[in-house]
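Based on the sequences and whatever the hints tell you, model everything.
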Amino acid sequence: MSSGLEQRTAPAAAATRRAAPPVRRTRVLALPEARWALAALVLFLLALPAYLSGGPAWLWGPLFAGCYAAGGWEPGKEGLKALKGRTLDVDLLMVVAALGAAAIGQVLDGALLIVIFATSGALEALATARTADSVRGLLDLAPPTAARIRADGTEEEVDAARLEVGDTILVRPGERVGADGRVLAGESEVDQATITGEPLPVARLAGDEVFAGTVNGTGALRVRVERDPADSVIARIVRMVEEASATKAPTQLFIEKVEQRYSAGMVLATLAVFAVPLAFGDDLSSALLRAMTFMIVASPCAVVLSTMPPLLSAIANAGRHGVLAKSAVVMERLGQADLAALDKTGTLTEGTPQVTDVRPLPGSGLDRDALLLLAARAEHPSEHPLARAVVAATRERQPVPGDATGFSSLPGRGVAATVDGQRIEVGSPAALLRGRPGSEPALEPGPDAIACAGEAAALEEAGRTAVVVLRDGAPVGVLGIADRLRPDARATVAALAELTGRSPVLLTGDNERAARRLAAELGITDVRAGLLPEDKAAAVRAWEAEGLKVLVVGDGVNDAPALAAAHCGIAMGKAGSDLALEAADAVVVRDELAAVPAVVALSRTARRLVVQNLVIAAAFITVLAAWDLVGTLPLPLGVAGHEGSTLIVGLNGLRLLREAAWPRPAVP
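Position 621 of the sequence shown, counted from 1, bears residue number 621 in this note's numbering, the numbering being contiguous throughout.
By construction, these hints were calculated from the structure, which means they are not laboratory data.
Just so it is clear, the structure is predicted and the values come from calculations on it, not from any experiment.
Honestly, I wouldn't trust all of these hints.
Below are the SDA-like pairs computed for lysine to any residue, each with C-alpha atoms no more than 25 Å apart in a straight line [unchecked claim]:
1. 81 to 49
2. 77 to 28
3. 549 to 539
4. 326 to 523
5. 326 to 567
6. 549 to 332
7. 77 to 308
8. 326 to 102
9. 77 to 102
10. 326 to 549
11. 549 to 513
12. 326 to 74
13. 549 to 604
14. 549 to 594
15. 77 to 271
16. 84 to 74
17. 549 to 618
18. 549 to 526
19. 549 to 523
Pairwise CB distance ranges, derived in the manner of DEER restraints [what the hints assert, rightly or not]:
20. 182 to 316: 47 to 57 Å
21. 403 to 352: 23 to 33 Å
22. 538 to 502: 13 to 23 Å
23. 336 to 403: 27 to 37 Å
24. 525 to 144: 39 to 49 Å
25. 484 to 421: 33 to 43 Å
26. 657 to 403: 57 to 67 Å
27. 165 to 369: 50 to 60 Å
28. 630 to 538: 52 to 62 Å
29. 502 to 534: 39 to 49 Å
Ideal Cβ placement from N, Cα and C applies to all residues, glycine included.
Shown next, in the form of structure tokens:
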């Protein structure tokens, strides 16, 4: 937590903007899977009206054939490759089932199956590509070059990747730090929100640690490199996101075993249904009809629709309410969480400092509004987050004239300006009241200074950042500034505790005192404070190793490893970093925290519907397949049963599109 104010000058702000990493984003249609899926969907939609209206086959036939080819060639090719390795997968089975349906005239059924699987593959490819984009973009947080100081005191511009442990680098105002290291000389405030998630820049003096990719303030720093660039915190974040993302492969061992058994059983059963009657004297036409009927009724179309409509409907419903779930797999996983881990800054809080307390000293002759206006006029030229908070709070009550003169700023101390002929200083209690270590006290310890120090200490004890206001060298009041709790934070914590059966855990890079204070307000008892990104990810992995399925909610680059390592991760979208948005499985676009428990509850409803649909589909397949095996199932009846089961499970899943299906958050 910062205890002072700084002025970020226009050149420094410009340097910060220049240092911002470029956004790298793969276009959807740049992916071949997306292009083929789109082609299959377009051909299907073109053929559908002609087919349903009884048009000639020459009109809809080529369109359906194109749909089969566009959407089925890639899974078919991958399935054949797997077949060469003596394995069967559901993708190949779906293509075979679609072709089998077409062979006996059920062209529409097969085409719909092809479109569903092509779309699913495209979504998976897009999610993978976007994660890779975000990881590559994170590498740009660290500057490409650094100013290394030679032994003779001269400077040289070198590639940041060539820095070695023990090198000394110069970090000018507004520049990004080139490597992890420790400050040798200089004084500044460093914005390290990308690493720790702290909402305010922190003062950095000789002996303090700094991280590659963080943004220096207005002071110059000499930093000794203490960690190889390849092992910096930023580089480790990249590696952890890549490794954790790789563990989220859509095909898991259990599912693969089920696919293999079902695929092999389906193929063998179909061949047996054809060959056995033929061997006992049945004619070829009758045996082929029985086998194709079996293939239709045993086709997993209803099984596929058992899963996709509920999950896709839930995704669409969540999207209407500002929650983007990146895939059907994500929507299913959200409801499996049995422990929620929440970030603090930007997640449970609004992520921007707000003036919470205005305390003029008795005898200053100022009321609350006058003290706030005095501080705001002195702070007006500054771009520091605390200064912006003071100015914004004042503007809610009255205009802020910008006529202060003689403005100056010292990192870690505060600002000073002349307002109406009076010298106004606004800054940290440590610098303005007590003075820096090793220097003379800033003020004589009189009654006003003692009273001001007491007010400041009380605010800091309550978890606020205290800002002292001096007029002509005499203290006149204290301001308290804090990152304000989101209005729906309490209701969200309570709802998540009820859904998961466990109280959520607070994971934050902020200091212990501020974290404990906020947790007490929310009823959270398990607090992990002062964590680096790797610490958050390690905590998540430890819980996962215990068998818990962890839901992580965060917003910053520092949360990305934990978001990627978790069973499911949700990012707050309004102020979320690019990497957090890409590493997360879902994004709260409207930045409404109450949407988190709502989408978890919606996911659980979708999973219940999936189970219902699987029971319905399995019942139809079992009954119809048994009928075909022990008796003579008429083909029209088999098709009607197959289509009926498909329709039932589809409509059952589409129930989640209704507005009433979205769980209403509790009123805080």
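Hint by hint, here is what the structure shows:
Among the hinted pairs, residue 81 with residue 49 is inconsistent with the structure: their alpha-carbon atoms are about 36 Å apart, more than 25 Å. With a CA separation close to 22 Å, the supplied pair residue 77 and residue 28 stays within the 25 Å bound. Note on residue 549 and residue 539: the hinted pairing holds, with a Cα-Cα distance of about 12 Å set against a maximum of 25 Å. Straight-line distance between C-alpha atoms of residue 326 and residue 523 comes to about 31 Å, which puts the hinted pair past the 25 Å bound.
For a cut-off of 25 Å, the pair hint linking residue 326 to residue 567 stands: about 14 Å separates their Cα positions. At roughly 12 Å between alpha-carbon atoms, residue 549 and residue 332 fall within 25 Å of each other, so this suggested pair holds. Among the hinted pairs, residue 77 with residue 308 is consistent with the structure: their alpha-carbon atoms are about 23 Å apart, no more than 25 Å. A distance of roughly 32 Å separates the Cα atoms of residue 326 and residue 102; the hinted pair therefore is violated under the 25 Å criterion.
With a C-alpha separation of about 19 Å, the suggested pair residue 77 and residue 102 falls inside the 25 Å cut-off, and the hint holds. A threshold of 25 Å between alpha carbons decides the hint, and for residue 326 with residue 549 the separation of about 18 Å falls inside it, so the pair holds. Our distance criterion of 25 Å between C-alpha atoms is broken by residue 549 and residue 513, whose separation comes to about 29 Å. Restraint check for residue 326 and residue 74: the C-alpha separation of about 22 Å stays at or below 25 Å, so the hint holds.
Using a Cα cut-off of 25 Å, the hinted pair residue 549 and residue 604 holds, with the two alpha carbons roughly 14 Å apart. Simply put, residue 549 and residue 594 have alpha-carbon atoms about 20 Å apart, close enough for the 25 Å limit, and the pair holds. At most 25 Å may separate the alpha-carbon atoms for a hinted pair to count; residue 77 and residue 271 meet this at roughly 22 Å. This hinted pair checks out: residue 84 and residue 74 have alpha carbons roughly 15 Å apart, not beyond 25 Å.
Simply put, residue 549 and residue 618 have alpha-carbon atoms about 28 Å apart, too far for the 25 Å limit, and the pair is violated. Distance hint between residue 549 and residue 526 is fulfilled; the C-alpha atoms sit about 17 Å from each other, no more than 25 Å. Among the hinted pairs, residue 549 with residue 523 is consistent with the structure: their alpha-carbon atoms are about 22 Å apart, no more than 25 Å. A C-beta distance of roughly 51 Å is found between residue 182 and residue 316, which places it inside the suggested range of 47 to 57 Å.
The beta-carbon spacing between residue 403 and residue 352, approximately 26 Å, falls within the hinted interval of 23 to 33 Å. Checked against the hint of 13 to 23 Å, the pair residue 538 and residue 502 passes, with Cβ atoms roughly 19 Å apart. Between residue 336 and residue 403 the CB atoms are about 60 Å apart, so this pair departs from the stated range of 27 to 37 Å. For the pair residue 525 and residue 144, the beta carbons lie near 45 Å from each other, so the given range of 39 to 49 Å is met.
In this structure the supplied range 33 to 43 Å holds for residue 484 paired with residue 421, their Cβ-Cβ distance being about 35 Å. For residue 657 and residue 403, the Cβ-Cβ distance of about 58 Å falls inside the hinted range of 57 to 67 Å, so the restraint holds. About 54 Å separates the C-beta atoms of residue 165 and residue 369, a value consistent with the hinted range of 50 to 60 Å. Evaluation of the 52 to 62 Å hint for residue 630 and residue 538 yields a pass: the beta carbon distance comes to about 58 Å.
Separation of residue 502 from residue 534 is about 24 Å and departs from the stated range, judged on CB atoms against 39 to 49 Å.
Against the hints set out earlier in the document, violations occur for numbers 1, 4, 8, 11, 17, 23 and 29.
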